[in-house]
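Line by line, the protein sequences give chains G and W. First residue of the first sequence? That's 1 in the numbering used here, and the numbers climb one at a time after it. First residue of the second sequence? That's 462 in the numbering used here, and the numbers climb one at a time after it.
Worth double-checking, as some hints may not be accurate.
[Stated by the list, open to error] Below, in silico cross-link-like pairs of lysine to aspartate or glutamate (EDC-like), each with a Cα-Cα straight-line distance of 16 angstroms or less: (1) W/K538 / G/E9; (2) W/K538 / G/E37; (3) W/K588 / W/D811; (4) G/K156 / G/D132; (5) W/K654 / W/E870; (6) G/K137 / W/D797; (7) W/K781 / W/D755; (8) W/K817 / W/E852; (9) W/K853 / W/E816; (10) W/K538 / G/D41; (11) W/K781 / W/D811; (12) W/K538 / G/E36; (13) W/K588 / W/D551; (14) W/K538 / W/E605; (15) W/K771 / W/E738.
[Claimed, not checked] Simulated restraints on C-beta separations: (16) G/A178 / W/V757: 40 to 48 angstroms; (17) W/H718 / G/G298: 46 to 54 angstroms; (18) W/E587 / G/I97: 40 to 48 angstroms; (19) G/S3 / W/R851: 51 to 59 angstroms; (20) G/A291 / W/P784: 43 to 51 angstroms; (21) W/E536 / G/A178: 22 to 30 angstroms; (22) G/R395 / W/D537: 49 to 57 angstroms; (23) G/P270 / W/R851: 50 to 58 angstroms; (24) G/G304 / W/D537: 40 to 48 angstroms; (25) W/K787 / G/G189: 51 to 59 angstroms; (26) W/S793 / G/E307: 30 to 38 angstroms; (27) G/E429 / W/A590: 53 to 61 angstroms; (28) G/P270 / W/V789: 39 to 47 angstroms.
[Unchecked claim] Looking from chain G toward chain W, a few residues come up when the C-beta cut is under 10 angstroms (computed): (29) D117; (30) R284; (31) T287.
In case anyone wonders, no lab produced these hints; they're calculated from the structure. Every value quoted in this text rests on a predicted model; they were computed, and no experiment measured them. The C-beta atom is built at its ideal place from N, Cα and C for all residues, glycine as well.
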Amino acid sequence: MVSEQIIRELTEVVGPAYVHTDPVDLQCYAFDATFEEWRPDIVVRPATTAEVAGVLTICNRARLPVIARGMGSGLAGGTVPAQFGGLVLSLTRMDHILEIDEQNMTATVEAGVITADLQTAVEARGLFYPPDPSSIKHSTLGGNVACNAGGPRCLKYGVTKDYVMGVKAVLADGRILAAGGKPIKYVTGYDLPALLIGSEGTLAVITEVLLRLIARPTVTMTGMAVFHDLDQASQAVNKVLQAGFLPATLEIMDDTTIHTVEEYLHLGLPLDAAAILIFESDGRDRTVVQAELDGMAGLFRSAGASEVRVAQSEEERNALWRGRRSVSPSLARRRPNKLGEDISLPRSAIPEAVRRIKAIGRQYGLPIAIFGHAGDGNLHPNIMFDRRDAEEWARVQKASAAIFAVALELGGTLTGEHGVGLLKRPYLEGDVGATAVDVMRAIKRALDPNGILNPGKIFVH
Amino acid sequence: VTVITEVETQEIEGQKTEAGAKSARQTLSELIGQEDTLGCIRCGLCSYTCPTYRVERCESAAPRGRIALLRAVAEDKLAPSELFAHKFYDCVLCAACTAACPGGMEVDRLLLEARRGLYAAGLVPEKLAALSRQIEASHNISGEDNARRLVWSENMEQRPAGAEQAQADVVYFVGCVGSFFPTSYSIPQSFVKALEAGGVRYALLAGEEWCCGYPALLSGNVDLARRLAEHNVEAIRQSGARRVVATCPSCYHVFTHVYPELLGDVTRDIGIVHSTELLDEMIKEGRLPLKPLDMVVTYHDPCDLGRKSKLYEPPRAVIKAIPGVKLVEMASHHADALCCGGGGNVETNDPALVEKMSARRLAQAQDTGAQTIVTACQQCKRTLTGAARREKARLRTVDVVELVCKSLES
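Take these sequences, add in the hints, and give me the full structure.
Written out as structure tokens, the structure reads:
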């Protein structure tokens with residue numbers, strides 16, 4: 001419960017229209033894109049960095065937990081209040097693109113800007129912000145930075161952290177930190193923006209971000225390769241990369257995924273395939289892009305692909321992507337819940353990981369679809385289930401733990417894109433080790449001695 | 462979500478009369494159970510296209526939040542309240558959420574069903590309850606004597622032929638706004654001129670045309686909507702015409718999508734077309750002598766016509782058929798078109814919210830550089846005209862039938 005006095009003080013900072021305590025409003029901030037559900041005690045929606053600072057000053061004094069939140073599309077339970085309750089700090093009103101600097105090719109944005117909106121704005125000026133999490137339309141840049149979001153384009157272009165040049169953030173005690181800047185080379189002191197990237201709202205509340213932009217590729221071409229053997233598909237991916245190609249995307253769907261999509265959409269996908277790869281080439285010169293795509297297609301053929309298709313038009317390109325884009329909806333139609341993991345592996349381990357995860361599915365009697373980014377080793381095993389069935393839920397938890405064990409055994413890590421949040425917290429130490437967790441705790445204590453910022457996320461504080 | 466049947470409505474009405482024997486929570490959760498909400502995987506994709514979310518930036522103004530509220534009631538974690546009801550009567554029911562939902566959930570249908578539950582639970586906002594009572598008493602939304610349904614035609618040089626027609630091929634269903642709201646008179650006036658220019662034998666139902674039922678449905682009063690529907694279908698039958706044409710996309714949507722659910726088979730042999738379909742047909746048959754207009758226009762898809770009835774091309778075909786008219790599309794169009802803010806009868810309940818939404822759509826229209834917004838809905842015309850006035854934008858909004866009439870008369 002939040003005292004009347006605190007509510008009054010918060011109201012003075014942001015105004016009465018932006019402080020919510022009615023259960024109807026609170027219920028809407030009780031969840032993210034997972035099945036986790038914990039109602040906050042209060043929701044506050046500030047409009048400026050100064051207001052965020054005012055809110056944090058009050059919360060720090062009152063020891064009130066603060067959970068910063070963008071559009072709540074997280075897949076790790078990172079923005080649900082958990083058992084501590086507290087204040088959900090919604091940053092979606094801070095949705096202004098403050099500057100697009102065409103000379104230096106940077107953008108300065110408030111934390112609540114929707115990623116797709118920034119991309120539209122910069123692309124209109126011939127510029128490009130490459131990170132493309134699948135939540136591109138329903139996640140904010142503040143959230144993308146706080147979780148170091150990835151996406152299909154990351155093999156070629158890198159992840160969110162590769163584009164962050166600076167941040168403005170509010171510390172737990174209400175002080176405003178501005179770190180980084182427009183110089184490309186910047187080694188003055190600790191790399192503080194890097195410290196906050198991927199910190200999931202546990203170290204500070206990011207309110208503004210300075211992002212690096214590049215020139216927009218004007219040509220994109222797409223192809224699809226079908227393999228009847230998973231090892232062949234994996235080896236083909238390595239051959240393509242070793243040959244010097246750098247595909248703009250290189251996506252993989254396993255047989256369970258292919259079947260699930262086909263059942264829903266009847267696209268004519270090959271049901272006897274072990275894997276489908278979708279590959280792209282992009283750039284600013286049509287001849288070069290075409291040559292790269294043809295080169296990759298040729299390598300896939302010689303590496304054992306039973307079928308290789310190259311889109312000849314925008315319609316054909318959309319048709320090839322339709323299967324990949326329809327994976328999540330197809331899964332959603334199968335069972336009421338899905339647990340989408342995002343283990344990240346050395347590329348060579350993909351076939352073995354897929355085999356072991358399939359065995360886990362059989363062992364626990366759960367359908368698991370595997371798809372993801374073959375080029376960078378980031379796989380999305382999705383377990384489909386019904387959370388209301390307690391016995392099934394117990395099996396899901398065991399299967400999930402087993403999948404994490406596979407990732408670690410094969411030299412991988414728990415998460416490549418989604419972050420640890422609440423859901424992967426129990427597995428953290430097993431992955432990074434006790435010393436790393438100690439270092440994280442020390443950093444946390446230094447920046448947030450009262451432990452008010454997103455408590456219980458990543459590790460127990 | 463269950464299909465609305467008469468028996469169910471009687472049951473709900475019956476429960477209500479048992480002196481509030483059931484709580485609002487029970488009433489709502491009996492209509493919308495947990496199962497009805499589980500199709501929402503809470504991904505949040507619907508937020509991006511939701512016009513109320515985009516102006517409020519608040520989770521409770523997003524489809525995902527609204528579904529979460531219904532689920533919380535079904536799971537007995539929340540009791541419906543006035544604030545709760547407000548979240549549903551603030552939805553424009555534009556169905557952008559349904560179009561965006563990766564799980565294929567019919568979100569707008571669920572949100573409309575919620576209004577039905579809230580009405581049964583006595584949580585309908587008073588202004589909407591009053592509107593329902595007014596429609597019940599006068600059979601139209603303006604509260605005027607329904608015998609004066611042809612008031613829109615009184616200042617015309619020539620009385621519409623349809624007012625006298627004994628034998629007609631088509632009934633023109635004018636709709637309440639076109640009939641009674643002076644700023645919309647020019648829509649039926651233009652349309653009857655076009656019908657007459659094309660030699661269509663049409664009839665007007667005059668006082669026998671009642672409200673189509675949509676406003677009652679939007680308040681959640683399904684029983685009233687059914688009674689209005691029954692009357693209209695009977696009046697059309699009596700006219701002997703085989704087809705009905707509507708200029709109002711909401712009337713059109715209700716005739717094509719809601720009447721069959723409310724009344725079953727009785728509507729099967731009545732053909733319903735929208736005015737833009739009929740105009741398109743007449744143009745293709747060479748029956749309309751269109752003359753050149755030198756204009757750059759953009760087209761605004763009304764939600765009830767576009768996303769909810771899938772009629773995207775007929776209005777565009779009509780616009781393109783007029784020599785000299787250049788059509789430029791807005792940033793979002795066809796299935797992605799943004800609601801003008803005029804849907805869902807939010808205007809009655811929360812006009813400030815409508816203003817914010819219409820300003821956003823107006824800005825998209827301004828970005829095209831067009832001088833005129835063409836739409837195919839009197840409500841969209843009213844909303845966008847109001848927005849242009851407030852924003853002091855030099856941009857007119859006209860209905861397709863008005864554009865056609867202008868071309869015929871130029």
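So, going through the hints one by one against the coordinates:
{"no.": "1", "hint": "W/K538 / G/E9", "verdict": "violated (29 angstroms)"}
{"no.": "2", "hint": "W/K538 / G/E37", "verdict": "holds (11 angstroms)"}
{"no.": "3", "hint": "W/K588 / W/D811", "verdict": "holds (10 angstroms)"}
{"no.": "4", "hint": "G/K156 / G/D132", "verdict": "holds (12 angstroms)"}
{"no.": "5", "hint": "W/K654 / W/E870", "verdict": "holds (10 angstroms)"}
{"no.": "6", "hint": "G/K137 / W/D797", "verdict": "holds (13 angstroms)"}
{"no.": "7", "hint": "W/K781 / W/D755", "verdict": "holds (12 angstroms)"}
{"no.": "8", "hint": "W/K817 / W/E852", "verdict": "holds (11 angstroms)"}
{"no.": "9", "hint": "W/K853 / W/E816", "verdict": "holds (13 angstroms)"}
{"no.": "10", "hint": "W/K538 / G/D41", "verdict": "holds (15 angstroms)"}
{"no.": "11", "hint": "W/K781 / W/D811", "verdict": "violated (36 angstroms)"}
{"no.": "12", "hint": "W/K538 / G/E36", "verdict": "holds (15 angstroms)"}
{"no.": "13", "hint": "W/K588 / W/D551", "verdict": "holds (13 angstroms)"}
{"no.": "14", "hint": "W/K538 / W/E605", "verdict": "violated (44 angstroms)"}
{"no.": "15", "hint": "W/K771 / W/E738", "verdict": "holds (12 angstroms)"}
{"no.": "16", "hint": "G/A178 / W/V757: 40 to 48 angstroms", "verdict": "holds (46 angstroms)"}
{"no.": "17", "hint": "W/H718 / G/G298: 46 to 54 angstroms", "verdict": "holds (52 angstroms)"}
{"no.": "18", "hint": "W/E587 / G/I97: 40 to 48 angstroms", "verdict": "holds (41 angstroms)"}
{"no.": "19", "hint": "G/S3 / W/R851: 51 to 59 angstroms", "verdict": "violated (42 angstroms)"}
{"no.": "20", "hint": "G/A291 / W/P784: 43 to 51 angstroms", "verdict": "holds (46 angstroms)"}
{"no.": "21", "hint": "W/E536 / G/A178: 22 to 30 angstroms", "verdict": "violated (44 angstroms)"}
{"no.": "22", "hint": "G/R395 / W/D537: 49 to 57 angstroms", "verdict": "violated (27 angstroms)"}
{"no.": "23", "hint": "G/P270 / W/R851: 50 to 58 angstroms", "verdict": "holds (56 angstroms)"}
{"no.": "24", "hint": "G/G304 / W/D537: 40 to 48 angstroms", "verdict": "violated (56 angstroms)"}
{"no.": "25", "hint": "W/K787 / G/G189: 51 to 59 angstroms", "verdict": "holds (58 angstroms)"}
{"no.": "26", "hint": "W/S793 / G/E307: 30 to 38 angstroms", "verdict": "holds (36 angstroms)"}
{"no.": "27", "hint": "G/E429 / W/A590: 53 to 61 angstroms", "verdict": "holds (59 angstroms)"}
{"no.": "28", "hint": "G/P270 / W/V789: 39 to 47 angstroms", "verdict": "holds (42 angstroms)"}
{"no.": "29", "hint": "D117", "verdict": "holds (9 angstroms)"}
{"no.": "30", "hint": "R284", "verdict": "violated (25 angstroms)"}
{"no.": "31", "hint": "T287", "verdict": "violated (32 angstroms)"}
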